[in-house]
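There are 4 protein chains.
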Amino acid sequence: MIRVGIIGSTGYAGQELVRLLLTHPQAKIVWYGSQSYVDQKYADVYRNMFKLVDDVCRGEDLTALANECDVIFTATPQGLCAKLVSEEVLTKCKVIDLSADFRLKDVEVYEAWYKIKHASPDYIKEAVYGLCEINREEIKKARLIANPGCYTTCSILTAYPLVKEGIIDPDTLIIDAKSGTSGAGRGAKVANLFCEVNESIKPYGVANHRHTPEIEEQLGYAAGKPLTLSFTPHLVPMNRGILATEYASLTDPKITKEEIRAAYEKYYKDEYFIRLLADGVVPETRWVEGSNFVDIGFVKDERTGRVILMGAIDNLVKGAAGQAVQNMNLVFGLPENTGLAFAPVFP
Amino acid sequence: MIRVGIIGSTGYAGQELVRLLLTHPQAKIVWYGSQSYVDQKYADVYRNMFKLVDDVCRGEDLTALANECDVIFTATPQGLCAKLVSEEVLTKCKVIDLSADFRLKDVEVYEAWYKIKHASPDYIKEAVYGLCEINREEIKKARLIANPGCYTTCSILTAYPLVKEGIIDPDTLIIDAKSGTSGAGRGAKVANLFCEVNESIKPYGVANHRHTPEIEEQLGYAAGKPLTLSFTPHLVPMNRGILATEYASLTDPKITKEEIRAAYEKYYKDEYFIRLLADGVVPETRWVEGSNFVDIGFVKDERTGRVILMGAIDNLVKGAAGQAVQNMNLVFGLPENTGLAFAPVFP
Amino acid sequence: MIRVGIIGSTGYAGQELVRLLLTHPQAKIVWYGSQSYVDQKYADVYRNMFKLVDDVCRGEDLTALANECDVIFTATPQGLCAKLVSEEVLTKCKVIDLSADFRLKDVEVYEAWYKIKHASPDYIKEAVYGLCEINREEIKKARLIANPGCYTTCSILTAYPLVKEGIIDPDTLIIDAKSGTSGAGRGAKVANLFCEVNESIKPYGVANHRHTPEIEEQLGYAAGKPLTLSFTPHLVPMNRGILATEYASLTDPKITKEEIRAAYEKYYKDEYFIRLLADGVVPETRWVEGSNFVDIGFVKDERTGRVILMGAIDNLVKGAAGQAVQNMNLVFGLPENTGLAFAPVFP
Amino acid sequence: MIRVGIIGSTGYAGQELVRLLLTHPQAKIVWYGSQSYVDQKYADVYRNMFKLVDDVCRGEDLTALANECDVIFTATPQGLCAKLVSEEVLTKCKVIDLSADFRLKDVEVYEAWYKIKHASPDYIKEAVYGLCEINREEIKKARLIANPGCYTTCSILTAYPLVKEGIIDPDTLIIDAKSGTSGAGRGAKVANLFCEVNESIKPYGVANHRHTPEIEEQLGYAAGKPLTLSFTPHLVPMNRGILATEYASLTDPKITKEEIRAAYEKYYKDEYFIRLLADGVVPETRWVEGSNFVDIGFVKDERTGRVILMGAIDNLVKGAAGQAVQNMNLVFGLPENTGLAFAPVFP
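If you read the protein sequences in the order shown, they are chains A, B, C and D. For the first sequence, position 275 matches number 275 in my numbering, and the numbering has no gaps at all. Count along the second sequence from 1, add 1000, and you get the number used in my numbering. Count along the third sequence from 1, add 2000, and you get the number used in my numbering. Count along the fourth sequence from 1, add 3000, and you get the number used in my numbering.
Everything labelled a hint here was simulated from the structure, so no lab data went into it. Idealized CB from N, CA, C, for every residue including glycine. Any given hint could be a false lead.
[What the hints assert, rightly or not] With a cut-off of at most 16 Å between alpha-carbon atoms, the simulated EDC-like pairs for lysine to aspartate or glutamate come out as follows:
| # | chain 1 | residue 1 | chain 2 | residue 2 |
| --- | --- | --- | --- | --- |
| 1 | D | K3051 | C | E2265 |
| 2 | D | K3051 | C | D2270 |
| 3 | B | K1051 | A | D270 |
| 4 | D | K3254 | D | D3301 |
| 5 | C | K2051 | D | E3271 |
| 6 | C | K2051 | D | D3270 |
| 7 | B | K1051 | A | E271 |
| 8 | B | K1051 | A | E265 |
| 9 | A | K51 | B | D1270 |
| 10 | B | K1140 | B | E1126 |
[Said to hold, decoys possible] Computed footprint of chain D on chain C; a stretch qualifies when at least three of its residues, placed anywhere within it, have a C-beta under 8 Å from a C-beta of chain D:
| # | stretch |
| --- | --- |
| 11 | 2011-2025 |
| 12 | 2039-2053 |
| 13 | 2330-2344 |
Using the sequences and the hints, build the whole thing.
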């Protein structure tokens, strides 16, 4: 049994980790860390866990935790994991960080976008970007994994094969993304009250959202050169789900939709969690809700010479906790879909 | 492996059966029956099943099906199961009927409330009412199981111990129930369009909803005498969930809340799926969503001498498909929570 | 032009007052009071008011305000209006209080349920309970009006004629009420976040909600004697709307539905804002949204001898700001529906 | 009083026309036309109108109607208005068509995108495209007005000044639009059921939505040359609202945000219904709900040389019925905001 500790288990992503790990056949949660609810019963914070979790929330002492765990998930605000990680911790156990601390390889870019001084820049180089379908082999050997952001997971996987194969011009890439409200976290803010979110849609972080450099860096690796793109997130009145609608010009307008499909299949045809939709079918977030699947579809627009790429995930699963478990499975040599092979919940 | 056939697999309850059975370790679906989608791929009807279900929808020939299956679930409109069931079918396999055809023991009551001539009244006596926590032993031996209605499951389980123990006066029982919209089914009706349901709540079937006699019959058995009660369902703008708020006078105002709790514990303390909430905690549908749990709470109102009972379930799980699987587990001698032991999905 | 000041203009009820008064032909808002947003532009707090309101939020000095206004609305937390009201204020202008401070005639009941020491009990006697359809004549002469609560407005108006005429036994009255989330206010609380409210329904304040004594007092006047009833509110995932489903035994089971209807018509047939629905029609909150209407329907249940009464209002309009404007109209001798004669918004 | 007839009064746009016209001081509805509900009371189809509209639905005989009306609104499926319009009708009264029949000047484009043979191509030339802020003077003199589509109104107004002034390269224009579900109409379709729409977002009509040529034609006039653009609509789980997020490259990256703002102000500074948001503020559909306002914001992205334009409207008001009333006001010489000068409804 893999002994698991969770720092930040009382946020939405942390709670989703708990939900997924409770039915994972090879893992057992031994530490429910929380900053706000120390000494309270976990099931009093999330009553869906009543009679399923008897544990009491504990603090967030990573070093103490490292002695009890084989793997630690940190689902915490930016900056915390960078502060807590150490050689001692990494020697004793694996760390899978759901925050952004180790996602960007360029510490200056990190500090510019996050406006935080990075507390352990030395580990940036070692950390592996945990986008399983792209970096699988590196993940298997990693001690420290930077679990990707929710928008980035969806945005990158939707475009990756076409960028990698030179089918689209990466400098024309525009990503218009839409997210359910759980992505905003469980903090008590007026802007996230039911009556403020319900019956409305809004853009936010226009031209300055922090997931932008993360997408650019990863797709830059695929393109083999740096790239700059437009990324606009929107808040949608639903609990879960991310849809990314991406626009790019074909590098050659004669590229056929069969060739586009072939590029996707080259990279994804054996991927359990990526579902390339049939011609004419577009992704909808409802069809992936509660699951680790990524649904991807595309339309070639003959009129404009553009291709419209569309991807959908559950932001809390493939966009956070599910991918973290997938990373754990890789690190511990388990079949990648262990504990994650279930159907999306509908309706 | 239990071979499973589903008649009506393309309704919401049928689809939930598919979702649950896909991860059931002892069951395998061999027949996806559908009236409307014969010869279409199941995953084209419910795209959440893409890459998980390759089957094509087949017709609803119960006799043919009986040769291929160990158990048949009928998630069909009222009257269909009664028409299709036969000695030949029941000799070959078990039938778990999610419609109302075999729930009421009095065929006249059935015909009066459903306005349908019952096609096989002879089987009514044999059929076992599949409320697992109450009729467990009979279910284990049954060939034909009448899976309870969603409102009824919630309403009965919430009140049962207090009626059985004579703590409340059954003739004062008033049940005000609220349901998510999946309970209305997947038929294309103006009344169930998004814009008609969203941002509104309404009562319906006031004083004449068909689940009324079902609740009365079952609670009448508990009371040891016939009873008449008020039942009012309401439509709530959410996908899933039923909340029953029930009001009844105590038979003796001196009965304490500890005595009320003791009555619940007498019947439910070892039940896996029933979660009796702590004092002061009330059920909310979000805490059971996606699961087979029943959350129950109560408040004794000293001012009025009444007790307010509250129960919450997921209408598609404990109120339909989950309870049907629980019944299947009982019939086939499996641990009752096989394939159902997972946490509710939140948010 | 009536000069209007609003204390608490940045809460949801305060904002609704602003919306309604902007198109009121005889009123002009001269003071936008706010505790949290002083010196900020009102339209920065509520962007729907951009280009419609240029004012900046001011403080909540009732005495200063009294010099500039003909009427002051206080849409503030419990206790504040009682602290601020004075002879000087009431001499200079009318006060319409949307809080609970002057709703209950018995100061001990107020202090017991609200757990606040009442700061100006001397004015309780003078204050008129502003339920326009019941207390119209007293309201016209009042200086200080206690605008009723949202649940209470709906609950009382739905039952009033039947209690008054002795058609129902008031001691059997059970009110199961459901409210949209704007009733919970704009405070930043985890419990009111989108993801916490959406896709769920829950009861709260069971057997101890503060609107209970208010309903009991007013219906007690109608009954001619004190009464005790059960009242259970529920939170519904929608912005606006209250539905009250009320259960009571007929004092005589032979009372016909025509007699019940006649009782309603006796009191309401000339009321502009009360719409008694046709036989067989039940109220739904969507049909009153954004308006000051009260939709009322009922069903006599022959089986149980009970009558089920149902009423629907918009909690922010008839349940708060709309009724406050209606009260203002009465006080200033205007036609009662001035500024309020528009259709509900659907969908 | 302007006598108004409405063909298609029982659709969502038709009902919104009724709502708006009921409080219009210069208009009176004399004909509630409907295909599906002839001889039924209008208030039985839309119960919000109970006690406000006593009329019974009548048929859709445009010629008969022309004798009783000064203006006819046709809120009907594509093709119907083109079939019914005639010289006799236009001689007697104005026609404001909410369908697409007269929006496109090129009949071949119409027939290609709508797959309908146009029944009265001769009137296409005469028809004026009723985008009030752009074509105000032509509208005043028109007999036949083509009321713009909901997506098109929002998309065009958001981009118009920048295209007209040559600030953006029109061939780089990409419009990612999001709509509430009322835009899908009141037809009973599975895809529009509550449980299918709720908790999901999806794109549709990708690269082939019928509003595309309409946007292209109108922005082409502004650009002074034909243009081709990408337009992708999405369905959002909310009743009302359209948000258009538009991306375009600046024709010169040195263009400043002040120059962009100046372009907007040049065209819109005196427009009552267009609200150009302050720097840093983005539109949200909730702030225009129920109103005829268009909220517009923009962000210059220094990194990509693009400008992101954002516009929000209520699809049923400025996107349909409200703009139709605005057109009526222009035609009859009334102040343009007559009957439309009210605040958006929030929450």
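Legend entry - Holds or violated: K51(A) to D1270(B), with C-alpha atoms at most 16 Å apart: Distance ~12 Å between K51(A) and D1270(B) Cα, so the pair holds.
Inset, instruction - Would you mind confirming whether the straight-line C-alpha gap from K1051(B) to E271(A) stays at or under 16 Å? - result: Holds, because 11 Å separates the two Cα atoms, which is no more than 16 Å.
Inset, instruction - Three residues minimum, CB to CB under 8 Å: does the stretch 2039-2053 of chain C make the cut for coverage by chain D? Let me know. - result: This one holds; 7 residues, not fewer than the three required, reach chain D with a Cβ under 8 Å.
Inset, instruction - Sort out whether E1126(B) lies within 16 Å of K1140(B), counting only the CA atoms. - result: Given that 16 Å is the threshold and the Cα spacing comes to 13 Å, the pair holds.
Inset, instruction - Take a quick look at whether K2051(C) and E3271(D) sit within 16 Å of each other, Cα to Cα. - result: Cα-Cα ~11 Å, so holds.
Legend entry - Pair hint K1051(B) and D270(A), alpha-carbon separation not exceeding 16 Å: 12 Å, holds
Inset, instruction - Quickly compare the C-alpha distance for K3051(D) and E2265(C) to 16 Å and report which way the hint goes. - result: 15 Å, holds
Inset, instruction - Count residues of the stretch 2011-2025 of chain C with a Cβ under 8 Å from any Cβ of chain D, then say if the count reaches three. - result: Since 6 is at least three, the answer is holds.
Legend entry - Restraint status (C-alpha distance of K3051(D) to D2270(C) at most 16 Å): Roughly 12 Å between the alpha carbons, so the hint for K3051(D) and D2270(C) holds.
Inset, instruction - Given the hint that K2051(C) pairs with D3270(D), test it: the Cα-Cα distance must not exceed 16 Å. - result: Holds, at about 12 Å.
Inset, instruction - Check whether three or more residues of the stretch 2330-2344 of chain C sit with their beta carbon closer than 8 Å to a beta carbon of chain D. - result: Our answer is that it holds, as 4 residues pass the Cβ test (under 8 Å) against chain D, meeting three.
Inset, instruction - Sort out whether D3301(D) lies within 16 Å of K3254(D), counting only the CA atoms. - result: 11 Å, holds
Violated hints: none; the structure is consistent with every hint.
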